[in-house]
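FYI, in my numbering the residues of the sequence shown are 3 to 382.
Everything labelled a hint here was simulated from the structure, so no lab data went into it. There may be inaccurate statements among the hints.
[Said to hold, decoys possible] Derived pair list, reagent style SDA-like, types lysine to any residue, alpha-carbon separation capped at 20 Å:
#	residue 1	residue 2
1	Lys359	Lys311
2	Lys359	Arg348
3	Lys245	Thr267
4	Lys306	Gly272
5	Lys129	Gln93
6	Lys311	Ile342
7	Lys339	Arg304
8	Lys96	Asn127
9	Lys306	Asp327
10	Lys96	Val162
11	Lys339	Met256
12	Lys362	Glu280
13	Lys311	Gly272
14	Lys339	Asn273
15	Lys245	Ser167
16	Lys359	Gln330
17	Lys299	Gly272
Being a predicted model, the structure only gives us computed values, none of them experimental.
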Amino acid sequence: MYSNCYVQLQYYQMEDFTTFPVKFRGFGDELRVGHQISAKRFEAYKAHGKYVRVLTIRRESKYIGSLNFSYFDAITQDPPMFSRHFTTAFQNLKTIVIDDRASSDPIPAEYMLGSITNILTTLPNLKDLNLHLYITHTSSEDVKGFIESQEHPETAPISVARLQSFTIDVHVYPPVYPIQDLGIGNWLLSALPPLLQPSFNTINSLSFLIAGQPDPGKQYIYYGAGAGSVRDSHGTLNPLNRKFSLPNLRCLRMPVFGGDDEVLTEFVTGNSFEKVEEVEVRSVTNMSPQALLSLLKTRFPRLKTLHLKNLDSGWAGVDWGIVRDIRQEIPTLKTIKIHIAVKRSRIEMDLGTEFLKTVKVFITEGDEFRSGAPRVVFEF
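Use the sequences and the hints to build the structure in full.
This is how it looks when you write it as structure tokens:
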């Protein structure tokens with residue numbers, strides 16, 4: 003009953019203050035009644051917290067007037083959002099999903115940074131951390147202050163999570179700051195490596211996406227397709243040179259922007275890719291099939307499984323001859339899974355009968371398709 007816990011974190015604008023109360027999911031709850039009994043729900047989950055393995059937290063924004071939320075004051079407008087009082091209720095958690103993508107209001111990044119610290123230092127059994135965030139920042143000085151106060155690895159707590167899987171999926175609201183300041187995307191990524199360093203040797207799966215909404219009227223230099231981050235005066239995206247070093251990484255999920263993987267390589271060390279066997283390319287923006295092939299060939303010498311998504315939108319249609327090219331250029335590859343609509347006749351026309359004799363092809367068409375499943379699988 004308690005193994006999967008769903009929590010709704012609601013950002014409320016009230017008459018006198020702003021707060022982040024927690025609501026534990028109750029089907030059919032009327033708004034006010036649901037929140038008035040949330041404290042009791044929290045006590046129930048706290049009492050049975052040792053049984054919770056998966057915790058999902060979502061956020062939404064509402065204005066509800068002067069309703070009194072004094073029943074739960076552990077989460078307030080002051081960082082961090084998730085206090086130790088909250089996280090210590092779930093000592094045996096394996097997975098946390100924080101999903102803020104549906105929210106209409108970006109959350110200040112400095113609130114989230116302190117929360118991640120609490121999560122990693124109070125949940126030693128955590129294996130899978132998923133951050134899907136929509137962020138902004140109220141003051142870059144707050145973010146800088148957090149980074150400058152971060153402990154060195156040798157002073158980090160002994161009891162700390164050793165993750166196996168980490169997802170960082172951040173969408174950055176257009177910030178307002180002087181050009182000499184670092185963008186919030188830079189600061190967030192610079193803050194994370196010290197927090198996750200105890201997990202560097204144990205993380206085997208990484209999902210990496212930093213995207214933004216650049217204002218073309220501003221003279222900011224955004225990386226990739228506009229990722230809410232700027233270069234500093236020395237022309238680098240990572241002036242603090244803080245990187246993720248993941249020597250045992252096996253699976254990587256990423257988009258590619260503008261013909262290169264600059265965003266990824268600025269914040270993840272090169273040796274992290276040497277043992278990667280599975281890559282999922284979630285989208286392709288301003289990049290030709292040939293450029294993508296070159297990137298895969300040079301970056302991932304042990305690649306065995308390749309997932310390709312959203313190629314038709316990026317390439318205005320797909321020439322299935324790319325499968326033959328990938329196979330020829332990456333001999334270690336065993337499987338290609340492509341997640342776009344497909345017709346068998348088009349594959350046969352583009353690849354030809356001789357090549358198709360050397361590969362197993364599994365095609366899903368029409369009503370047989372399941373959401374999230376590949377449309378076509380090639381096995382070599």
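Hint check:
1. Our distance criterion of 20 Å between C-alpha atoms is broken by Lys359 and Lys311, whose separation comes to about 25 Å.
2. Between the alpha carbons of Lys359 and Arg348 the distance comes to roughly 16 Å, so the proposed pair stays at or under 20 Å and holds.
3. Using a Cα cut-off of 20 Å, the hinted pair Lys245 and Thr267 holds, with the two alpha carbons roughly 9 Å apart.
4. Distance check on the hinted pair: Lys306 and Gly272 sit about 18 Å apart at the alpha-carbon level, within 20 Å; holds.
5. Taking the CA atoms of Lys129 and Gln93, the gap is about 12 Å. The hint holds against a cut of 20 Å.
6. A hinted pair counts as satisfied when its Cα atoms are at most 20 Å apart, and Lys311 with Ile342 qualifies at roughly 6 Å.
7. Simply put, Lys339 and Arg304 have alpha-carbon atoms about 17 Å apart, close enough for the 20 Å limit, and the pair holds.
8. Restraint check: the Cα-Cα separation between Lys96 and Asn127 comes to about 6 Å, which is no more than 20 Å; the hinted pair holds.
9. Restraint check for Lys306 and Asp327: the C-alpha separation of about 15 Å stays at or below 20 Å, so the hint holds.
10. The straight-line distance between the Cα atoms of Lys96 and Val162 is roughly 13 Å, inside the 20 Å bound, and the hint therefore holds.
11. Proximity of Lys339 to Met256 is assessed by CA-CA distance (about 15 Å); at most 20 Å being required, the pair is judged to hold.
12. The hinted pair formed by Lys362 and Glu280 meets the criterion: a straight-line CA distance of about 19 Å does not exceed 20 Å.
13. The suggested pairing of Lys311 with Gly272 is violated, with an alpha-carbon distance near 24 Å, which exceeds 20 Å.
14. For the given pair, Lys339 sits about 25 Å from Asn273 by alpha-carbon distance, which is inconsistent with the 20 Å threshold.
15. Between Lys245 and Ser167 the CA atoms are separated by roughly 17 Å; this keeps the pair inside 20 Å, and the hint holds.
16. Our distance criterion of 20 Å between C-alpha atoms is met by Lys359 and Gln330, whose separation comes to about 15 Å.
17. Straight-line distance between C-alpha atoms of Lys299 and Gly272 comes to about 14 Å, which keeps the hinted pair within the 20 Å bound.
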